[in-house]
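S.K.: Sequence:
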Amino acid sequence: MYRNSGLIPEYYLVDNFAGWKKAFVEASGRCDLIYMPTNGAIKDWNKEEAISFVAAGISKPIFTCDEFMMPYVVFGFTKIPAEQGRWVAKTIKRIAGGEKIANISQTRNEERKIMINYNMADKIGVYPDTNFLPGATKYNGE
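Counting from 42, one number per residue, gives the positions in the sequence shown under this note's numbering.
Hints are not guaranteed to be accurate.
[To be verified] Pairs of lysine-lysine, DSBU-like flavour, derived with a Cα cap of 30 angstroms:
| id | residue 1 | residue 2 |
| --- | --- | --- |
| 1 | 62 | 131 |
| 2 | 84 | 164 |
| 3 | 62 | 88 |
| 4 | 63 | 101 |
| 5 | 164 | 179 |
| 6 | 84 | 141 |
| 7 | 120 | 179 |
| 8 | 88 | 164 |
| 9 | 101 | 131 |
| 10 | 101 | 154 |
| 11 | 88 | 154 |
| 12 | 164 | 134 |
| 13 | 84 | 134 |
| 14 | 120 | 88 |
Since the hints were made in silico from the structure, they are not lab data.
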């Protein structure tokens with residue numbers, strides 16, 4: 042997906058919070074843009090420390106596709122769970138109607154919520170184009 046958009050991804054796979062902090066610093070020095078997926082498998086994750094760490098070291102735009110990662114990023118292009126629920130409901134109806142599961146193809150999310158975390162944006166002075174703003178939601182924390 043990223044290569045099709047002209048981006049050249051680098052991956053940093055870590056299993057603990059100390060490794061994540063090291064990878065964040067390295068990526069900040071090497072990359073123009075940082076995609077931050079889930080933190081679910083990172084042992085010893087410390088939410089408050091991670092927010093402070095990113096806020097102190099952010100130098101590039103950071104984005105995510107998961108709303109729960111918004112405290113650590115500037116932009117979110119997040120999934121809308123209701124879209125997935127509608128797909129599941131339609132698919133269950135198809136199966137209940139006799140359609141074979143093998144005949145049901147995979148799909149991609151088409152809907153998204155655009156979010157901006159101004160606390161992080163202010164740290165680097167990067168803000169979206171005004172054409173981008175009308176559909177965006179301001180992230181206010183939890």
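S.K.: A separate judgement is required for each hint: does it hold in the structure or not?
M.R.: To see whether the hints hold, each was checked on the structure:
Only pairs whose Cα atoms come within 30 angstroms are accepted, and residue 62 paired with residue 131 is rejected, the gap being roughly 42 angstroms. For the suggested pair residue 84 and residue 164, the alpha carbons sit about 27 angstroms apart, so the restraint of at most 30 angstroms is met. Proposed proximity of residue 62 and residue 88 is supported: the alpha carbons are some 12 angstroms apart, at most 30 angstroms. Restraint check for residue 63 and residue 101: satisfied, since their Cα atoms lie roughly 16 angstroms apart, inside the 30 angstroms limit.
For the given pair, residue 164 sits about 16 angstroms from residue 179 by alpha-carbon distance, which is consistent with the 30 angstroms threshold. Only pairs whose Cα atoms come within 30 angstroms are accepted, and residue 84 paired with residue 141 is rejected, the gap being roughly 40 angstroms. Proximity of residue 120 to residue 179 is assessed by CA-CA distance (about 16 angstroms); at most 30 angstroms being required, the pair is judged to hold. Using a Cα cut-off of 30 angstroms, the hinted pair residue 88 and residue 164 holds, with the two alpha carbons roughly 18 angstroms apart.
Pair hint residue 101 plus residue 131 does not hold up; C-alpha atoms about 41 angstroms apart against a cutoff of 30 angstroms. For the hint pairing residue 101 with residue 154, the CA-to-CA distance comes to about 21 angstroms; that is within 30 angstroms, so the pair holds. Between the alpha carbons of residue 88 and residue 154 the distance comes to roughly 23 angstroms, so the proposed pair stays at or under 30 angstroms and holds. Of the pairs offered as hints, the one joining residue 164 and residue 134 is violated, with about 48 angstroms between alpha carbons and a cut-off of 30 angstroms exceeded.
With a C-alpha separation of about 39 angstroms, the suggested pair residue 84 and residue 134 falls outside the 30 angstroms cut-off, and the hint is violated. Proposed proximity of residue 120 and residue 88 is supported: the alpha carbons are some 21 angstroms apart, at most 30 angstroms.
In this structure, the hints that do not hold are numbers 1, 6, 9, 12 and 13, in rising order.
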